[in-house]
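J.: Assemble chain B onto chain A, guided by the hints.
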Amino acid sequence: MEQFTLFTDFSLIRSTAGRLVLTASDGTIHDGVFPVRAFPISAPAEGLSLIGSNGHELAWIASLKALPNATRSLIEEELARREFMPEIRSISHVSSFATPSTWQVETDRGDTELVLKAEEHIRRLTHTSLLITDGHGVNFIIRDIDQLDQHSRKLLDRFL
Amino acid sequence: MNNKILPTIITNKTLPAAWQAAAQAQLENNEDICAWLEINLDAALHFKKSLLLITNRRLVSITSVEVNALVKHAIYPFKAHLTLKHHDNAGVANIELFGGENGEVRLAHWFYTLTNDFSASRFVKQFELQLTSFLNGQPIVAEASETCPNCQSPLEADQDECPQCSSTIDAPPSTWTLFRLWRFAKPYQWQLLTGFLLMLASTAATLVPPYLTIPLMDKVLIPYQNGAPIDVGMVALLLSGLLGSALLAWSLGWARTYILALVSERIGADLRTITYEHLLKLSLEYFGGKRTGDLMSRIGSESDRICVFLSLHLLDFATDVLMIIMTSAILISINPKLALVTLLPLPFIAWMIHIVRDKLRTGFEKIDRVWSEVSNVLADTIPGIRVVKAFAQESREAKRFREANQHNLIVNDRINKIWSLFSPSVTLLTEIGLLLVWAFGIWQVSHNEISVGVLTAFLAYISRFYTRLDSMSRIVSVTQKAASGAKRIFDILDHVSSVPEPSNPVHLDKVVGQIEIKSAGFRYGNRAVIKDLSLMIQPGEMIGLVGHSGSGKSTLVNLMCRFYDVTTGSINLDGVNIRSLPIAEYRRNIGLVLQEPFLFFGSIAENIAYGKPEATRAEIVSAARAAHAHEFILRLPHGYDSLVGERGQGLSGGERQRISIARALLIDPRILILDEATASVDTETEKEIQKALDNLVHGRTTIAIAHRLSTLHKANRLVVLDRGEIVEVGGHDELMAREGAYYRLYQAQARNVDTDLDDVDNNDALANSQMTHQEASA
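So the protein sequences, as listed, match chains A and B.
First residue of the first sequence? That's 1 in this note's numbering, and the numbers climb one at a time after it.
First residue of the second sequence? That's 1001 in this note's numbering, and the numbers climb one at a time after it.
Be aware that a few hints might be false.
Derived PhoX-like pairs (lysine-lysine); straight-line CA-CA distance at most 20 Å [claimed, not checked]: (1) A:K154 / B:K1359; (2) B:K1281 / A:K117; (3) A:K154 / B:K1417; (4) B:K1389 / B:K1337; (5) B:K1399 / B:K1389; (6) B:K1518 / B:K1125; (7) B:K1510 / B:K1612; (8) B:K1518 / B:K1531; (9) B:K1079 / B:K1125.
These are computed hints drawn from the structure, not numbers from a lab.
Only a predicted model underlies this, so the values are computations on that prediction, with no experimental measurement involved.
Chain B with its partners taken away, still in its complex shape:
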């Protein structure tokens, strides 16, 4: 450990350039800037930037970047009883400076939004350090750990980049989303190339028939009209050419469509799988903010839409483009002048497509959003159907759906207005184009510039050509639809998990189970849920977390499971920051038993072996035995093979809970987390579960949350939380003797115990009746 003086110059360097001059102007001789904080609100909570500076002898507030500004800068020289406090409320953070005789007078009050909250807590710490150093004349001793140059937060020895800074918002995804699909197409590049070559060949084959009309007209029909006999051999040759090219085009077209559809289907499937895999890796925070219906539609229908786009529309479009290029080449080779006239409407149509594209794109994005709104209504209502029916709100939910649907209709109507005008306009331009060719063609024939055969060939070519243009124009809308679908899928894929995998993972060979929480803080939205919390949990120790609901118990447990990452501070397992452990490897050491056990669709055995699918039947049975679940499982008609539904229908709360305990037992975790494991069952069942839990807890580091304090009698220490802070730590007797927060909680519960029981009995009548039945047969 090297004790060094804090490098004040480093903090000085990072001061924004705009403030440099104004800050320097305030400094006296031998005065150094030790810390600074940019404040973005004024006293009336208007957005206005100002700067707070801590030097080695005072606190300075600068309100303007102008050096000689008329605005008064506030200066607070260091003296005894000065304190700086910071707290926040609804997105606004406050820093208050107290002073006076006994530190009870508020000297100043500054406000800022939480944008730079993290540096604020560093700032307050610096203030305390500098003030003590100023008062007692001792130099400041630096902490041994490295700090991030950006935000001054301490870095762990094995971390290269600061977790605070790197977790800030990244750049938005690029708009060329469809091209990003190439990542998924790359594995199929050879099939794609084959498909493309086939497409070239088949398009060329379809262009042969109109070409054959020239000799058919000029060499056969017109001479016949002029009295010459029909050359049967030539007719046969030309007609077989027509048939041959049609057959060729047919077989090539078939091969092309088949290969490309095969590939696009695979691309779509890959897209779905990869998106889903990525989704599962995202943190709970992401799922908390999204609605199920929306996520389901993104993975299901959007990927399907992209697939259809690739296999059908894009394919058609590419064929059309090829056809246009080839046709123009042929037309120009026959007669450049007439070809020019024929191709004249093309730029007009291209221009129209461009105009409409812009309008339609935003419209289709809107339709997508509205569409997920409609499915969200369904996803809200169907799982909550019992509540809907119980409160007789069917008509209201129907109205909600109708409104969402109505909104959908309005948006679609608006789009259709533009869209419906588009196709007829293209058709009109086509007709006008044909008219032009007829007129110019007749004029050329009359001047003997071209033969009648050439004119017929031109007309045959361009009537195909223009109909293709019409279908090509459809590509605008489908591309936009596919692009907006791709965007919504890439939204998921681009979302970086807020619980990132470490870049240089550390592997723990054997986990002992010591957990250390070092001044952890966590903020949910703009609410600080956990504030500067420190706790050391020894291996094998059982900790009971106690507190009112909303005191941060469950959040603390979620942080320990790394469902979320701490905003400040750190959590260490056996001395290693859990952020530097691979997530899956870390969680394998944690057994979690929740208040509402979730059973997946499948057999009971599969549910018990969820965390360890390779478990043998003997292991499953012994885990179920230890969890006191074995006997009731055997009473079920199909024993361990009985199917349980989505939420474990057919099993009582206590039975489901014991299955989830068996699940936790089977993975034999070093750390066990019980989040209100016995809260939703009656006392009788609770005893049964308690026995199961006692088996589970044995020899493991256990963190138990319990509303009913009596269930924590085995805990080595009880930790009492209140509004995100630890208020008391100690054993039951010790805390009772202290007559503090725990004592009050305990007293309150002892008084309410009768009502509590009644509530539970009514709550779970099913569980109760099943239990008594069980007790009787046992």
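Looking at chain A on its own, in the form it has when it is part of the complex:
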């Protein structure tokens, strides 16, 4: 196996092709770098990895705060485009209490519908937060069940 060393000192720019380009301290240039969170659910702010287009890790960022502003905003911008986990604010209607069931939901990214294929696609993250995977693999999160309105809670309760 070829050994890859992690770069601690690097610069990041966006190319005209819209990809992130990393220039390492040793002068090597990596086109098409993308950031990945190590703990997207439990600790989104900690531990970020920059992955090269070949799938190997190039750099590890323990905390985004430590980075220069320009680099940080580039990474945040890229993360915003790659991360898609709409947060459910309320559930307005469910087609049935038996699965598969189509839910009309209001999320932080607008109103949409999701298809719950089976009850076990609702995963309990903590006592009050849930991760719901719809039939097409999109993950919806409910950060705090107690914050939902009564109607949504009632509907949700039938599936828990």
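T.: This is chain B only, laid out in the frame that chain A set:
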């Protein structure tokens, strides 16, 4: 083959009505819409619909359905160096448009969820076709195959409906689940009818005694109190009537209960068998997503609960309803006024039952789910007990169980709160009802409207009647429990296998063994595991699949076995799509040897003959010989009759593997799949297995996955996979000369060979010691 111009109008027709006007407004003269794609996310990944259009001269992005909207529509006229690329990540798919001097500048970036991913790949293809046609002025030549009108995917000649569209989610099952049990009751309808008639008769018999109290009171006891002598003959007649009706009710009741219990037990058994049979037909995808404990409890205890419900509770309930109807009829015939007062509390109780039913139903569904959570903890921990003990986590697992149990307790407590209030309330209403009858009855007696005998008869009737009401109220909870159990069973029965049997199966008389993978794609959840992969495997050829772990080797093999169906593209056997072959018939042609051989509980002979139970002993022995398993089997105390356990305890990894090779040899398959068959054994055993495999491979189309490249020396071609795509194909020498991906893999392994061996030695000390023992005695 007829070359025709693509029917652009057809695609135009299917454009959603909402977009029609906005799209037409963008079109210039002589411009046709060639393809469209509805995008459901905006640049900030918010849910917002927009439309991408490809016409014969440009790409248009429309962001609003309003014709004269102020929003800017983006227009990208066709020109050289334009490319459209699509890829996806974590549930979001991207389409990027590149252009500029050398096609290196990103002009636009669109996002959508994977809901309509399939049409997106068609869309990108259309874009390329239209762009080339625009640039070189040549009309587009259509593919000869039929396409699905819905999603534009190509249809096979023998397929009526599109496999892409028909595999989408079906409607949820109806809530009247208990009535669906009729499907299972139908074969027993005559027994059920007999049972019902017996029930009518026995209920009627139980209603005779209170009626006899009227003459007993009015004609015997009251005249006696007034000085008249007791009429012994009449008393004897009435008392024998009482005894007779009791005996009749007893014998009829016995016959009824026996017949109906017999039937319900059979219904329960059928339900279990059919559910299990259906479960076995479901694809691996279903088993991957379910937990063993949950499935076991559904088939075991839920069907039992339904059975008890049918034989006990439903029976009692029906008897009670009959009794109430008959009693009311008798009461009204005796005295309508008093009957009315007696029946007064009935609507109240019915109303209460209705209220509580709603609350309890959801509660019981919840209890079921919590209950399977508890059994899931057990199903997780018990098979993994070695890991639990090795890491000294007993207390933590105990805590997990306690928590699940605690959750169970909380949910039950909540239900019991409603439930416990229910029975006493019914009893209270009963007492009040009795009070009413007493009061009204005394008033009527004092006005000489009824005799004392009639009042006693009424009291005798209704005290039975109300106690029945109390037990009837129990039907609410048991019905709900049974209904939720039925729902969970029908969940399995309603689940359509994601690997469906073809509606018009094609039968192959003789399988040659040519496999063609045509631009196959497969997606697991939101991850594309196989991307647009094409490969032609000739009959009798041995293909070695090589690549890092996670490169899609095992997935490709699973697709070939049809454990899953490809998301796009197709896999053909001898030129026929494997989707149109009956599944069992197709798999009979495949011999599969896995990394972890699974031995069922039974004798070694039974395990070898698993795929062909009718095999003769001679066949079993010759298969075992060819698999180099014969000798070690003979060394076992009971030879071929030795019992092997669930995971083949008592046999080493290499021995188990050779039994599974013998199993594959016995069915004499045309296609052989070896999934890391030698990965979990040491080098010495591997040689032994390799010899067995060489016998197996001979003359069959073979697809072998091997982590250790040296085991693939016999392969005609090596296929190197990386992240779901083929990167290299060729013989060992050819690929080594090319110094590409294979060369790197090979070099890396050659360097690590020492450590690799050490690892294996430590891993399977048991196998090793048994092997050396074997070598010595051989």
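J.: Now tell me, hint by hint, if it's right for this structure.
T.: Hints, verified against the model:
1. Only pairs whose Cα atoms come within 20 Å are accepted, and K154 of chain A paired with K1359 of chain B is accepted, the gap being roughly 12 Å.
2. Restraint check: the Cα-Cα separation between K1281 of chain B and K117 of chain A comes to about 19 Å, which is no more than 20 Å; the hinted pair holds.
3. With a CA separation close to 19 Å, the supplied pair K154 of chain A and K1417 of chain B stays within the 20 Å bound.
4. The straight-line distance between the Cα atoms of K1389 of chain B and K1337 of chain B is roughly 75 Å, outside the 20 Å bound, and the hint therefore fails.
5. As the CA atoms of K1399 of chain B and K1389 of chain B are separated by approximately 15 Å, the hinted pair is consistent with the 20 Å bound.
6. Of the supplied pair hints, the one linking K1518 of chain B and K1125 of chain B holds, its CA atoms being roughly 16 Å apart against a limit of 20 Å.
7. At roughly 18 Å between alpha-carbon atoms, K1510 of chain B and K1612 of chain B fall within 20 Å of each other, so this suggested pair holds.
8. Distance restraint check for K1518 of chain B and K1531 of chain B: the Cα-Cα separation of roughly 11 Å lies within the 20 Å cut-off, and the hinted pair is therefore satisfied.
9. A threshold of 20 Å between alpha carbons decides the hint, and for K1079 of chain B with K1125 of chain B the separation of about 16 Å falls inside it, so the pair holds.
In summary, the structure is inconsistent with hint 4 from the numbered list given earlier, while agreeing with all the others.
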